[in-house]
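Q: Protein chains in written order, with this note's numbering: chain A, 470 to 880; chain B, 470 to 880.
As the list makes no split between identical chains, a pair holds if one copy fits it or if it spans any two.
Taking lysine to aspartate or glutamate and the EDC-like style, the derived pairs with C-alpha atoms no more than 20 Å apart in a straight line are:
1. Lys-573 x Asp-823
2. Lys-629 x Asp-702
3. Lys-606 x Glu-774
4. Lys-479 x Glu-658
If you're looking for bench data, these hints aren't it; they were derived computationally from the structure.
Protein chains: 2
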Amino acid sequence: MNGGVLQGIKVVDLTSVVVGPVATMFLADYGADVIKVEAPAGDLLRKLGGASRSGQLSPKFLHFNRNKRSIAIDLKSAEGMAALRKLIASADICVSNMRGAAMKRLGLDVDSLFAMNPRLIYCSLVGFGQKGRYAAKPAYDGIIQGVGGLTGIFEAADGKPRFVPMTMADHVVGLIAAKMMLLQIIQREKTGQGGAIEVPMFENMAAFVMSEHMGQLTFDPPRGPPGDQRVLDPGARPIATSDGHICISANTDAQAFAFFRAIGRPELCEDPRFCSVKARYDNVSEYFALREDALRTRTTAEWLEIFDCADVPAGQSHTLETLLTDEHLQDVGLFRVTNHPAEGDILNIRLPNDADDLARPGYSPPPLQGQHSGDILAELGYSDEEIERLRLANVIVAPGRPQDEEKRMPA
Amino acid sequence: MNGGVLQGIKVVDLTSVVVGPVATMFLADYGADVIKVEAPAGDLLRKLGGASRSGQLSPKFLHFNRNKRSIAIDLKSAEGMAALRKLIASADICVSNMRGAAMKRLGLDVDSLFAMNPRLIYCSLVGFGQKGRYAAKPAYDGIIQGVGGLTGIFEAADGKPRFVPMTMADHVVGLIAAKMMLLQIIQREKTGQGGAIEVPMFENMAAFVMSEHMGQLTFDPPRGPPGDQRVLDPGARPIATSDGHICISANTDAQAFAFFRAIGRPELCEDPRFCSVKARYDNVSEYFALREDALRTRTTAEWLEIFDCADVPAGQSHTLETLLTDEHLQDVGLFRVTNHPAEGDILNIRLPNDADDLARPGYSPPPLQGQHSGDILAELGYSDEEIERLRLANVIVAPGRPQDEEKRMPA
Numbered sequence: 470m471n472g473g474v475l476q477g478i479k480v481v482d483l484t485s486v487v488v489g490p491v492a493t494m495f496l497a498d499y500g501a502d503v504i505k506v507e508a509p510a511g512d513l514l515r516k517l518g519g520a521s522r523s524g525q526l527s528p529k530f531l532h533f534n535r536n537k538r539s540i541a542i543d544l545k546s547a548e549g550m551a552a553l554r555k556l557i558a559s560a561d562i563c564v565s566n567m568r569g570a571a572m573k574r575l576g577l578d579v580d581s582l583f584a585m586n587p588r589l590i591y592c593s594l595v596g597f598g599q600k601g602r603y604a605a606k607p608a609y610d611g612i613i614q615g616v617g618g619l620t621g622i623f624e625a626a627d628g629k630p631r632f633v634p635m636t637m638a639d640h641v642v643g644l645i646a647a648k649m650m651l652l653q654i655i656q657r658e659k660t661g662q663g664g665a666i667e668v669p670m671f672e673n674m675a676a677f678v679m680s681e682h683m684g685q686l687t688f689d690p691p692r693g694p695p696g697d698q699r700v701l702d703p704g705a706r707p708i709a710t711s712d713g714h715i716c717i718s719a720n721t722d723a724q725a726f727a728f729f730r731a732i733g734r735p736e737l738c739e740d741p742r743f744c745s746v747k748a749r750y751d752n753v754s755e756y757f758a759l760r761e762d763a764l765r766t767r768t769t770a771e772w773l774e775i776f777d778c779a780d781v782p783a784g785q786s787h788t789l790e791t792l793l794t795d796e797h798l799q800d801v802g803l804f805r806v807t808n809h810p811a812e813g814d815i816l817n818i819r820l821p822n823d824a825d826d827l828a829r830p831g832y833s834p835p836p837l838q839g840q841h842s843g844d845i846l847a848e849l850g851y852s853d854e855e856i857e858r859l860r861l862a863n864v865i866v867a868p869g870r871p872q873d874e875e876k877r878m879p880a
Numbered sequence: 470m471n472g473g474v475l476q477g478i479k480v481v482d483l484t485s486v487v488v489g490p491v492a493t494m495f496l497a498d499y500g501a502d503v504i505k506v507e508a509p510a511g512d513l514l515r516k517l518g519g520a521s522r523s524g525q526l527s528p529k530f531l532h533f534n535r536n537k538r539s540i541a542i543d544l545k546s547a548e549g550m551a552a553l554r555k556l557i558a559s560a561d562i563c564v565s566n567m568r569g570a571a572m573k574r575l576g577l578d579v580d581s582l583f584a585m586n587p588r589l590i591y592c593s594l595v596g597f598g599q600k601g602r603y604a605a606k607p608a609y610d611g612i613i614q615g616v617g618g619l620t621g622i623f624e625a626a627d628g629k630p631r632f633v634p635m636t637m638a639d640h641v642v643g644l645i646a647a648k649m650m651l652l653q654i655i656q657r658e659k660t661g662q663g664g665a666i667e668v669p670m671f672e673n674m675a676a677f678v679m680s681e682h683m684g685q686l687t688f689d690p691p692r693g694p695p696g697d698q699r700v701l702d703p704g705a706r707p708i709a710t711s712d713g714h715i716c717i718s719a720n721t722d723a724q725a726f727a728f729f730r731a732i733g734r735p736e737l738c739e740d741p742r743f744c745s746v747k748a749r750y751d752n753v754s755e756y757f758a759l760r761e762d763a764l765r766t767r768t769t770a771e772w773l774e775i776f777d778c779a780d781v782p783a784g785q786s787h788t789l790e791t792l793l794t795d796e797h798l799q800d801v802g803l804f805r806v807t808n809h810p811a812e813g814d815i816l817n818i819r820l821p822n823d824a825d826d827l828a829r830p831g832y833s834p835p836p837l838q839g840q841h842s843g844d845i846l847a848e849l850g851y852s853d854e855e856i857e858r859l860r861l862a863n864v865i866v867a868p869g870r871p872q873d874e875e876k877r878m879p880a
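Using the sequences and the accompanying hints, generate a full structural model.
A: Rendered as structure tokens:
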């Protein structure tokens, strides 16, 4: 049990870019042997979202692919497909983010997969459920944010849609896919049978957003408009200080009155515009304006100390830069300098949840493309000679000669 | 196995509002018996985020608490605490979102919990990890969005922080907590032992956001600024049509050229400003401006048909209203009218992932406060007389007399 709770679970990961890799990251972190299957061109994400020293492991790629192994196979060759089939036959889980038609062309439709391996758990990440009319549409995070309602909640708040400036649909659906695979693992323990799961991004995001914001359209007939107006209020924003921004949650009377005293305006506790939850709600623009006037006068650090003493719930609105140096995160060691063989020292993000014995011990650096091609084929019974032949025939990409390795090492 | 994969898992849910209830919803949907423990005042969310017919089940409460049972206990009374202890002793999982000090005051610190029940899985949802300096700080979604970097990515994109207008930190961490509990269930199958998990919202959101946007600060020493600039580009927005907005992902040459032809500007394929990925990147403002000029001339439906035929990846930017009537979602039946005993017909969101045999069959309506108090105590061995005595002594809240029930029923 010292390899993590998912030790012994072998995952053939046919996904790339974000949604699939974050889903399998959650399995790898807890001990699964995640084998990243890459085409000879490599996962697109290796070069997307920012450069790296080696040119092969972008920052995002580094964060989403820790604790995995990589095999690079040319699936257009018959020998490459034969190797992939052997790999799937030996696996517990296969994950893909190709649409059904593409998997079928590879001979990897659900029936064929279960014929190869009846205990297989097959997770199919698709943009749109395969039983609806958008089944064949391509999916990108931006499109799923749009159809799934994420852009719509900004429109409901501000009158104008926008994206969350991160690939939020990919990340949320990746988490959901990981959860579904864990459920299927529990099921297999009980029944001995594998099973297929389809995880459509659109349906999942629509459910995620609408569970919060269906509002009065929940009732049939509707009792009013959609949306939780309290959350959609455009005035509910981080408040500028003299050198940054603070987020405040002062909703109850006790919190609001503590806030008024903390900003040196105790008389507002008695002010008919602000003396109750209802009064503050009815005069919300004035309430927000006075918060903004007050906070402008001191630094974020000064205000946080004042609010801390006064029991006003508050926190810094971190920038990406200040987040990395947050003192609490330093206390708990969330970011740790770790050596990567090809990239040198990098800041790795440790698992945020303390759970003794669940996690994989240690940390395996994110792999170079095809770094484990040879090892993985050897585990399937391929001889050294066969592996070398496949490498020379470009059926697999495997680590180059020692001098190539050296070039990739940091100085 | 016809009760869902988690049938037989009994969850004592001490949480309220959003983060805990969405975590346990994921367990309830797959067959766990989630027992929502409410104070006599009831879960705050019953009345937050919008009114309902009965006044007791706000839209959000309805969506987050399906398939659960409710027991309402006064934990300030010795008999109430005794009942809760019996309940925890009989459970597989206990989830709370109180800080460690508050749990200790109730005699429910980790050691006491395991003394009651060595096979217990205890999941503690906290704002901040209990080993860091913010351990005692209160946590609200808005504060976690601020410290966790979500407001910061808007600042990185636009120069000004803002919230995602939904309780995004609560929802994301709820998913993570569900995943952690599933891992702990798998672990207990192997070892027979329970275990404790701490799920801190701050650390989880910081890891979630920074895995995408640590950017060049990933390298030590840094190679440049944080952030994936492609995702942060403020020009990457849904584009206005004559009657709504569309999201387009036309990144490759093939996609961009298809887009130029679709808008009747085939000459742009040869235009040195737009003829390659690099050219479009270097002239991104002009590229975005011409997209906006073009789309303004037709309706969303017209453009979507044109882009569909032309293989340009595109999707509607739904409003909360149009999302509910999306034709694909109607094909797959994501939203279904279901009768709720106290609220009448409501739009329920079905599970978005097709996975035979995993889900709980059917649907139990979200409970009234204390609706199952009597049943749950009876299962613990309390007699009808004892239950009635506890009800009259206000130790528990249980369904009222038949005429009260009638008043709550829809006309």
